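Starting from the given sequences, assemble the full structure and let the hints guide the process.
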Amino acid sequence: MAAQAATPGIAEPFPIFALAHRYLLYDIDVVSYIRREYNICGVLIGSLPQAPQQNVFLGLPVELLPEEARLLAEKGVAHIVNDVVKHKQSFLGNGLSPEERKAYQAALRKQGVGAAKEATKRTNDRKKTALKKKLDTEDWNDIPEDMLRPKAGRKKRGVVEKTKDSAEASVEESDDTLFASTTDSVPSRPTISQTSSVAGSSTESEPYAVTPTTSYPPLQSAPSSEARVSLPKVPPSYPLYKHLHTEGYFLAPGLRFGCQYMAYPGDPLRFHSHFLVNGMDWDQEFDLLDLVGGGRLGTGVKKAFLIGGQEEGGEQRAGGNAGGVKAFCIEWGGM
Amino acid sequence: MGAPSIAPSALQSFLGSTGSDSSQETQLLQLALQIAHNLRYQHNWDDIRIHYDSTTRIKSQPPIRPLISGFPPQRLYVHPDEQIEVLQKQKDEGKAGMPDLPREREWVLPSHLREKWSLRRFGEVFNAISTVPPQEDGEALFDDSKRAAHTKEGGDDSMEGAPTNKWRISQPKRLLLATLDDDSTVVYYIVHDGIVKPRQN
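Protein chains in written order, with this note's numbering: chain A, -8 to 326; chain B, 36 to 236.
These aren't lab readings, by the way, just hints derived from the structure by calculation.
Possibly wrong hints are sitting among the right ones.
Dumping the calculated DSS-like pairs for lysine-lysine here, alpha-carbon to alpha-carbon at most 27 angstroms [claimed, not checked]:
1) Lys151(B) to Lys201(B)
2) Lys112(A) to Lys126(B)
3) Lys124(B) to Lys293(A)
4) Lys66(A) to Lys224(A)
5) Lys123(A) to Lys112(A)
6) Lys101(A) to Lys79(A)
7) Lys201(B) to Lys293(A)
8) Lys293(A) to Lys126(B)
9) Lys108(A) to Lys118(A)
10) Lys101(A) to Lys118(A)
11) Lys125(A) to Lys108(A)
12) Lys293(A) to Lys232(B)
13) Lys208(B) to Lys124(B)
14) Lys112(A) to Lys101(A)
15) Lys201(B) to Lys232(B)
Note that this is a predicted model, so its numbers are computed, not measured.
Below, the structure written as structure tokens:
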């Protein structure tokens, strides 16, 4: 695939980690890759440990719906891995040989040294630019006086007028000398601060302790049979999910609108969603009131309410319309 | 005691002509008639017809559900792409706003709020209907002067054989789902047979 060539970092099949009936992705590269290539967004669920009530600006990991995980697994681009078993097997157990472990630790240390070096370099650069600025403007502390100067000029002009009125030139002279003395007195201060700051920065950097955010370097071995998990269990709406996905829709969980999925015609960052989706079995009975409620809510938010499911015997003649799935869109009649 | 002295309502006398046995067939017919009555006198629809033929093709279920077709007073549904095209045309002609589009005959599927429906039944109904309701099919319900007047003045837009809107043909089938409640409220929802993007109303 050309896509694979574009992102050499992602080797398919990539692992999806099953943990406590959730399907998680920890690697940001994989997350952006499946969003770009497979129209799957998932939901970011990671919060800061210090902010347990955080509910916006969440971060990694990404949780996938069972449908999403299943779709990726069925496509053969991902495999589901039992996170706990896998972790014990290859990380805490003897998954790594001593050499491998040593190599991994060395790699981590190297990463830490690199990070430390970069950090000191950055602070030094920042200092340098700051000092340069200081030298250009003579002094950082000069700013207040700098701001005073034009005012003084104005004042002076006022004074000049006054002096013209009163015809006393001596006042103007004394005014000038007053301001001149203040500007002269300034440069004595910065030199001290400059030397002190330079002296402070000249300590050697220690390697940073790196906490790896992913467990892959040690965990990138081929999928072992023990850690493998069977395909995720999916609700009866899965055929409709798959159908809409193959039609190019992005599907997001629909809790906010009381439905199963929201269908976006493109990336959710660029488009409003078109449909509130409810999938069901072909013979599953539903109340017309659900239809009225869904249709009315959908129309109220400029969407349509979409119900659908796998036609009976639709899988046999799947060649026709995308897996024999039928969908109906409901909109308010406006009367 | 005073029962004979109360005159039956318009709807009651309208339904009275259909017989009073309580078979499911009669019930469905009366449901359709009540919806038709609502369409005619509350929503000003014209040329309302009741179709038995199309629904007898639904073989799997014994109840034969009559469908209704009719002309709404204005165009009921404009696909968003058609709307864009129409507005663009208006702009090119230097006009503003939506023009009055020709009316289109619509399918109406009568239903009651207490019924249970399934995808299969919707699928069967859609399989049984054509994209555009046939002009002279079915039985005219309100055979009054209004209908005659309509056929006279509406010669341009509603006649059979007139070129049907290409958007109507290119889009999936649609019908108007009319749902009746016990208090004789009727709500109308447009149902499309496929994925159709929503209107930007």
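We went through each hint and held it up to the structure:
1. With a C-alpha separation of about 35 angstroms, the suggested pair Lys151(B) and Lys201(B) falls outside the 27 angstroms cut-off, and the hint is violated.
2. Taking the CA atoms of Lys112(A) and Lys126(B), the gap is near 61 angstroms; set against the 27 angstroms cutoff, the hint is violated.
3. Straight-line distance between C-alpha atoms of Lys124(B) and Lys293(A) comes to about 24 angstroms, which keeps the hinted pair within the 27 angstroms bound.
4. The straight-line distance between the Cα atoms of Lys66(A) and Lys224(A) is roughly 16 angstroms, inside the 27 angstroms bound, and the hint therefore holds.
5. Proximity of Lys123(A) to Lys112(A) is assessed by CA-CA distance (about 16 angstroms); at most 27 angstroms being required, the pair is judged to hold.
6. Among the hinted pairs, Lys101(A) with Lys79(A) is consistent with the structure: their alpha-carbon atoms are about 26 angstroms apart, no more than 27 angstroms.
7. Note on Lys201(B) and Lys293(A): the hinted pairing holds, with a Cα-Cα distance of about 25 angstroms set against a maximum of 27 angstroms.
8. As the CA atoms of Lys293(A) and Lys126(B) are separated by approximately 24 angstroms, the hinted pair is consistent with the 27 angstroms bound.
9. For the hint linking Lys108(A) to Lys118(A), the alpha-carbon distance of about 15 angstroms falls within 27 angstroms, and the restraint holds.
10. Note on Lys101(A) and Lys118(A): the hinted pairing holds, with a Cα-Cα distance of about 26 angstroms set against a maximum of 27 angstroms.
11. Restraint check for Lys125(A) and Lys108(A): the C-alpha separation of about 25 angstroms stays at or below 27 angstroms, so the hint holds.
12. Annotation: proposed proximity of Lys293(A) to Lys232(B) holds, straight-line Cα distance about 10 angstroms (limit 27 angstroms).
13. Between Lys208(B) and Lys124(B) the alpha-carbon distance is near 26 angstroms, which keeps this suggested pair within the 27 angstroms criterion.
14. Our distance criterion of 27 angstroms between C-alpha atoms is met by Lys112(A) and Lys101(A), whose separation comes to about 16 angstroms.
15. Restraint check: the Cα-Cα separation between Lys201(B) and Lys232(B) comes to about 17 angstroms, which is no more than 27 angstroms; the hinted pair holds.
Taken one by one, the earlier hints fail for this structure at numbers 1 and 2, listed in ascending order.
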